[in-house]
Amino acid sequence: MIDLAQELKKKPSFVPIDPPDVDDIQALPVAGPGVEPTEVVGRFLRQITEKTRRDATYYSKSYRAQINLGVALLNKGDLSAAQEAFELALKLEPANQTAVLQLGRIYLRQGNLVKAKDAFASLRKVMPHSAEPFVGLAEVSAASGDLEEAQHLLQGAVDQDGHSLAARFQLATIFMRMGRTNEAVRALKAAVRIQPRAPFLHYALGVSYAIRKDPARAKRAFEVSLRLAPGMAQAVKALSKVLLEGASFQAVRELLAEQVAKDPHDFELRELLAWAYVREQNYLAARRQLYTALSELPASVATINRARIANNLGVCYEFLKDLKHAEHFFLLSIDTFAEGGPIAYQNLERLYLQMDKAQAAQAIAERCLAQYPEDRTSVMLGAVALGEQERYGEAIAQCQSFLEKADDAQISAVLSNLLTDAERFDEAIQVLRKAMRSKPLDRALINNLAYVYLMSDAIAEARDVLRQVPENEPAGAYLAATRGLLRLREGDLAGGVEGYERSQQIALQQGNQRLAVRSKQKMHLELAKAWLLRGNVDVALQEVRKGLALPLKRGAYVRDLKRLAARLSKS
Amino acid sequence: MLGEFVGQPNVIQRVSSLADFTEGFDTPLNVRYTLTFSYFAMELAKSDLAAAVAFGGLDAEAKLVFFRDACKGLQRLHVRQIVHRDPKPRNLLVMADRQVKIADLGTSRSLDRDAVPLLPDYAGFWPGDLRYAAPEMLAGLFSEAPELAIYADFFGLGAILFELFTGQVLTLSVFDGSFAMDLTSAMAHVPPGKRRQIYDDFVTQLADGHPLPNLSATGDGAPRCIQLRLDGLYSELCRLDYRKRLRRFESLFRQIEICLIVLRNEEKYLRWLKEKRRRRATLIGAGRVAR
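Taken in sequence, the protein lines are chains A and B.
So the first sequence is numbered by my numbering: it starts at 1 and just counts up by one.
So the second sequence is numbered by my numbering: it starts at 1001 and just counts up by one.
Be aware that a few hints might be false.
[As the list claims (entries may be wrong)] Listed next, the stretches of chain B that the computed footprint assigns to chain A, with coverage defined by at least 3 CB atoms under 8 Å from CB atoms of chain A:
#1 1052 to 1064
#2 1092 to 1101
#3 1156 to 1162
#4 1178 to 1187
#5 1204 to 1216
I should point out that these hints are in silico values taken from the structure, not numbers from a laboratory.
Using N, Cα and C, we set each Cβ at its ideal position, and we do this for glycine too.
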């Protein structure tokens, strides 16, 4: 019988970092990247703004002075004050194109698409040969979700002014959003021809190659952007992601170690470095990076990032066998951002099952299902947790209600397990037969069905079912055990023992010691039943004792062994 | 310092010698204090270039002539190994005879090894207006390599030329938040004595990452016949990498003169240009036939 409790208890999952994406490309650096200024930079921008403001006050009737003030305020990030300055400039010089263009950009950043569209449309009338109004209108269309229109407008901008970097760059990002990466690459290559030494263009080209699943070219483009701008953190991160996909862990570590030294507070760099360590199975080093990233995370960082790092830290702890800390960080991840995805919940459920805390596992599964009712893993883990508490009725009902909505081979397998443990063999057979209609060759279903037949003493049917798996096909631990059980039920005790020992061997080869022990426990249980059938109570009792002496103290096998022990001691 | 430029055009003149006056102040406790102030008088200017830029009204030729005057004034300073360190439209005064004179030498310094600058720096900052400062000065090289202020003066001239023709302060378009972030992150924690070396290694990437705006595509712009020339001239003066920056007055004056000639003979120039293009097209066509 496939023991899904064991399957599900196996590995915790990391929440991965997103691969390079079009959202990583924000805007042309010349149009202001919206960076969070440091204190020194803030002071510098303030001083420049103050000087410009003094000029604007002195020449209060000059639209040029007001425009300069507006640009300075924009650089400082003060959108509303900049808007006032440009509006004043427009009052002084109603036809001023720069003021209209800047106002259009401000409206766009403020999300006021109607006003932005009006501004760019009026500009297009007075600047029919300039690309700028087309680019602005395209950005408005893109912001309102009309990518086709945006692409059409940008194509117009490129036709108007083939040297407009902004037009080609925006066109490339629109193509990327439309999933037309080949055209995005073409547009970016044209932009690179206009400005060959602009690092952000090579970076964008790298992102489009990465989206196109062309890691070799993506790597080359990111490397060029890094040669042009060695400190470009975005390019370092994107290159690291590409290298990680290509399993070049040492290169990633070297690249990131240097960057982390430069900017020790960048949590994304540390996360990527941790990934490189994880892929090398150096969980200790990965844990160190993630711990530092989490403890130094500024309050402004989105909670989803905090939750992701906490979960991944928990996984590292679990791999390092420090289950207490693993539990702490999985809980932290869930409490930080409950809507951060089901992975942290599933990890904690698995951890609790591993720690034999079935009740806690069930509670977490319930919390997860309240957030994600369709999460089949939590349905399974929750049912397994209920089964471990011998609350078979609730566990079976949970699986059945999920199966009413959709067919699912794994849930069916779990349900058949639970029904078998509850000794409701006929229902288990029905469930498995139904599941096998859509997946007739599913090895887990075949194995489970054969097992249920054997448990309900339908040996011939079990044999027929098992014949569907060719003898020469490499068997897993579960199938070997079921074949052993068949031999036992056929009266071949030596053959049965051989089957079970084969199963234990496979489990140990796979590093699943717990499964090997369970297989052994089942072997003793079945041998005890076989000896009892032959009337040899003493040997049966010996087998029961051997089974109960094994380190597994919970579950259906222990329950059956105890029942048998009670029966034998009475007799 | 002004004493060195007596009688020279394009540099503001002092019209009186240094004199003192004393003024008494009474306090509530009937104690009288006297304070002595030093002063001198300067010649009276009609306006400055900042006002001319702010309100426009200058034609392209006048802008170029004013700019040439400003360059001449700065050249006179440089000949005497004096750097101005704060050239900007406000410090370029327009006299009644429409001559432009460079003024406000409070921030200037002599590059003679023994000379002590009046303002070596200003609480760790560049003494001049940050909006017209060259990036190498923003990077703090002014105390470590004072001679680089010559290059910075040329950058200031380029910024003035840009502003004269566009009405916009150049550095507001270039020195934005990302520029300042890049510069400060590269130069942060660099020990004294190493700044120039680090900056020299970094400046190429700074220039690559922050391209200069196109003069013809910004603000008021310039007449079409001199657009490309002016774009080239200002770009050469404002190169972010000081090692590649134009810093020869002869070349600068030659280019200004060419622009002036083109402007004054715009129609003839455009006819000549058209003819040149026609001939080239004919030659290319002939080549095709011959092939």
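To see whether the hints hold, each was checked on the structure:
Counting residues of the segment 1052 to 1064 of chain B whose CB lies closer than 8 Å to any CB of chain A gives 4, which reaches the minimum of 3, so the coverage claim holds. As drawn, the segment 1092 to 1101 of chain B meets chain A at 0 residues by the rule of a beta-carbon pair under 8 Å; below three, the given contact is violated. Given a C-beta distance limit of less than 8 Å, the hint that chain A covers the segment 1156 to 1162 of chain B is violated, as 0 residues qualify and 3 are needed. Beta-carbon proximity to chain A at under 8 Å applies to 7 residues in the segment 1178 to 1187 of chain B; the threshold of 3 is reached and the given coverage holds.
Closer than 8 Å: that is the beta-carbon criterion, and the segment 1204 to 1216 of chain B has 6 residues meeting it against chain A, so the requirement of 3 holds.
Comparing the model with each numbered hint stated earlier shows that hints 2 and 3 do not hold.
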